[in-house]
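Please work from the sequences and hints to get the whole structure.
There are 2 protein chains.
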Amino acid sequence: MNPYQAPLKDMQFLLENVFDATNTWQNMPAMAEMVDMDTAVAILDEASKISRDLIQPINRNGDEQEVRHIDGKVITPDGFKETYQQFSEGGWVGLCGEPDFGGMGMPKMLGVLVDEMNYSACNSFTLYSSLTAGAALCINAHATEELKEKYLPNLYSGQWSGAMDMTEPQAGSDLRNIRTKAEPQEDGSYLISGSKIFITGGDHDLTENVIHLVLAKLPNSSGISLFLVPKINVNDDGSLGDSNGVTVGSIEHKMGLKASATCVMNYDNAKGFLVGRVDRGLVCMFTMMNYERLAIGIQGLGSAQGAYQMAADYAKERVQGVAAGGSATGATADPIIVHGDVRRMLLTIKSITDAGRALSVFTGKQLDLAKHSEGDVKAKATKYVGLLTPVSKAFLTDRGLDATIMAQQVFGGHGYIRETGIEQFVRDTRIAQIYEGTNGIQAIDFLGRKVTGDNVATLTSFVAEINQELAGFEHVSDADKKAISLRFDNLLTIANHINEHKLTQPALINASAVDFLDAFGFILYGYYSLLMAERSQGHEDQSFAQQKQFVAKFYMDKVLPKADFHIAQVSQGDDAIMAMPADLF
Amino acid sequence: MNPYQAPLKDMQFLLENVFDATNTWQNMPAMAEMVDMDTAVAILDEASKISRDLIQPINRNGDEQEVRHIDGKVITPDGFKETYQQFSEGGWVGLCGEPDFGGMGMPKMLGVLVDEMNYSACNSFTLYSSLTAGAALCINAHATEELKEKYLPNLYSGQWSGAMDMTEPQAGSDLRNIRTKAEPQEDGSYLISGSKIFITGGDHDLTENVIHLVLAKLPNSSGISLFLVPKINVNDDGSLGDSNGVTVGSIEHKMGLKASATCVMNYDNAKGFLVGRVDRGLVCMFTMMNYERLAIGIQGLGSAQGAYQMAADYAKERVQGVAAGGSATGATADPIIVHGDVRRMLLTIKSITDAGRALSVFTGKQLDLAKHSEGDVKAKATKYVGLLTPVSKAFLTDRGLDATIMAQQVFGGHGYIRETGIEQFVRDTRIAQIYEGTNGIQAIDFLGRKVTGDNVATLTSFVAEINQELAGFEHVSDADKKAISLRFDNLLTIANHINEHKLTQPALINASAVDFLDAFGFILYGYYSLLMAERSQGHEDQSFAQQKQFVAKFYMDKVLPKADFHIAQVSQGDDAIMAMPADLF
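Quick mapping for you: the protein sequence lines, in order, are chains Z and V.
Per the UniProt record's numbering, residue 1 is the first one in the first sequence, and the count goes up by one each step.
Per the UniProt record's numbering, residue 1 is the first one in the second sequence, and the count goes up by one each step.
These are calculated hints, taken from the structure and not from any lab test.
Note that the structure is a prediction, hence the values are computed from the model and not measured.
There's no promise every hint is true.
As the list claims (entries may be wrong) - Quick look at which bits of chain Z chain V covers, simulated, 3 or more residues with Cβ under 8 Å:
1) 421-431
2) 470-483
3) 564-572
Unchecked claim - One side of the interface only, derived from the structure: several residues of chain Z facing chain V at Cβ under 8 Å:
4) T167
5) G340
6) I434
7) Y435
8) A545
9) Q546
10) F585
Heads up, the beta-carbon is just placed ideally off N, CA and C, and yes, glycines get one too.
Spelled out as structure tokens, the structure:
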């Protein structure tokens, strides 16, 4: 099996030809001095080596050896600690971090591509750094200067790691019911007590300290506040002090992601520091959640890409059966890539993965514009970030599972064997549809808040912008343009209908949300497929341009019609879903 | 978590009210004396206790402990041996076996329901008995009387088990390339030498002997013959003799099905006996394969049903969030079954599982009619068995994976934890889409042989019969009837189109097959949903009848439109699939 090789040509193409990174960066003062296309290409090139030579080699053993909980300590599999150290020393944890506190300040538009590589190489490993970057983002956005100065440099450097502590046994999707308590102290700090479950990277041996962001309630308040709680107290001079009443109760044994520690965390009068305002913890946490939601979407995307490469390589090597109509080479058996059904699977994976990467980079670009621009540009990008975050999380991870399952199918019986490695992608990526808010929750956020929350205004302008872009394409047929714009029109009509009935039919949004998001996603991917076909014209590598044409044609013919199924679903209301009494289930 | 409870009411309903088992059995002399509805109900009742109290309790530990290969021996997890012994003593291995050699001679129409229960309870355990029953079926159909007398009684009694040895490293989907050799001996036996991989139940400690059915080639022949090769030689008096050059090279470490031994089997001049005619081994093996293909379909069905029960129970117990529009009970949090998206998932699973059970029983009925009837009835049933076998295998297992993944999603984060048990269903059932011929191979068999092989004649008469039945339904709307018959008409048009172009467009069948099978399956399930709604009218349990109405309405509104997506796919030919050169993948 060939090692993972990052799709650098595709990545550079998206930055340079599709989403106009050069101009985007030049127009943002904070970026203009940090990055240009040469820097970006050099970073991608270096990252591709890291993912291939450093991270992927620990992936399979990580799955076999698993993370262990021994004598109260969490031990990661062989090689994880050394790899994390090298990874940190390269500055990769702080790639998109705040330069004032030691981050490299690179644009998210570039960071998403590095994230994808790392997830393709090893899901479990990449979560540790991804959560650390997310925690740093939240601290940078909401904490006091004092906390930032004390904690951010060591998070960006990878010396410490971060974790997000939200869930409790009785409070998962519904956080109102958390019971963890925060007692205010005279020095302005708080004492945190309670238990959290499902804490990814809650403890491990990769770093000397873990910085937890913990949701808890103040006495006599039903509001939820956010606290920074270090595993080991940090002295005023930045050195490590005594331990802080933060212990690991146990770790979970999971379907996959076995090298990532999923911890029960116990807080026993642990010292914590308020982040943001009292009772506004969920708002602060959502800064991190939004970041993580995109990152988890990219987990799905990275898994799909890694699985695609394995399956495509296998299909070109594995010899079985003769092509329909006879072997082109006269052989008694051909590589299975000659078989239509194998090609159908590979092209499905390829087309949704290419389009998914476009979604990821576009969303990353909106994050950059929202942060580093001003005025109308900033306002629009902020709205698009809100609109696209739940879509990126849910649609990239749902398609990630589809892709890994199809890739596994290409392997036949060998796909079920652990040693082959492809089934690990299925198990590892499955969680991405569940955590950081299940994909059902994402869809309800999308339809309930982002689409109907402003009476369909943002979605309407987003679609209008796409239609305008589409109209200008010179190498795309009118039929293909219409296939996208008519479906978007349908979807807007449905969105307006739901918006008008959301108060009189309160169950409608919850019952329609997943299909609505899927319909939007499949149409949007169609647009991205055409966009890439259009922009690939004149690419210096002609076969690359050809590939983008073939893939777009496949997507438009064979995948886009899925949108119609989901549109049909949403059009039918919620009767069939809500009518049956619970006891008949 | 409640223990698995077989859906006895649904099962009895299918036999009694939907597929008219009483008359069917009375009209077959071989069955009339063996079974009536009272006997069938008693058997189902007893089987439900076995699945719940005997088999399910070993399922989770089987997954954790796994089968082991120690000092050349294959050791099953704790409890498997004792359970297999009790299961065998109950006569369950030989439930549908030939009465002349110790089988119970029960109809397959009943046997499929028992199989489903056992797969719901434990995938790994049930494979051992299922493969044994399949091997016995093949021996009974093709072996000499001497071999039958010597081997069948101990297979039916469960004292020995059976295995099917086909795959070799270079010969998976394409068996022409097998290299295992059979040297004819003077006494009429053969010496078998070679290696086989992926042999389910190839060796284990459940029984004292394993009877292998091995595909091998005679010297100087490219034809493939079938041989019965016991692990331990059997003396003329039926006692066990010396070992027979059959050894286990290794066992596979798999994604799931961890308590089922998947073996590399080595044959070193092992003594074997020809089954069927020389060079006609594949034909004989297909007797077993067809039986196994239905059984593996039922693995998918059983997994779906088991997962549904877990998810429905969880959704009624887990409290999280308030119903849209406010809690009906005024509670601050409701069971998650109030949420539209959770109901959507549960109803999807329920509707495809109910319809899947109908397909399973109907196919079982055709197997009975093909075996025990005469004349036109036999001929028609034989054709229907051919038509429906690949559909049962592929569609039941594809929907099985969909169902288990959706059920896992209902559990949120808990669904990813091994202890919960739901993720085991996903891992265990995933293989069912791959082995016994991948679902791609099934689809090509369906479209290439079963549908276009007789120029669409069988499919046309099958659809005509359904349309006639539909026309007579008194409690189904005309719109629903049309929704089925129009889609079937579409599909027949496409089938005829493909049939006309199959020679000039040789890639068309391979490239269209999976979508064609899916389109057929989703329409057929719609028919079964309506059939069950129709026949449930007047059921003594009114709430059961109501449930069937609700489920049918959901299926027609929310699932049937999937057929349109697949019809759209098949209508578009193979251009988008075949055009891209292999090196662009």
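Closest C-beta approach of Z/I434 to chain V relative to 8 Å, hint status: Status holds, d = 6 Å.
Hint status (Cβ of Z/Y435 to nearest Cβ of chain V, threshold 8 Å): Z/Y435 check passes; min Cβ-Cβ to chain V is 6 Å, inside 8 Å.
When the least beta-carbon distance from Z/T167 to chain V is tested against 8 Å, hint result: Holds, about 7 Å.
Interface hint compliance - Z/G340 to chain V, C-beta minimum distance less than 8 Å: holds (3 Å)
Outcome, coverage hint (the stretch 421-431 of chain Z, chain V; C-beta under 8 Å; three residues): holds (count 5)
Per-residue hint verdict: Z/A545, partner chain V, C-beta under 8 Å: violated (11 Å)
Hint check: 8 Å Cβ-Cβ cutoff, Z/Q546 to chain V: Result: holds, 7 Å to nearest chain V Cβ.
Chain V covers the stretch 564-572 of chain Z, three or more CB atoms within 8 Å, holds or violated: As far as the stretch 564-572 of chain Z goes, the hint holds, because 5 residues have Cβ atoms under 8 Å from chain V.
8 Å C-beta criterion, at least three residues: is the stretch 470-483 of chain Z covered by chain V: violated (count 0)
Evaluation of the interface hint that places Z/F585 against chain V, nearest CB under 8 Å: holds (5 Å)
In terms of the numbered hints stated before, the structure departs from hints 2 and 8, listed from lowest to highest.
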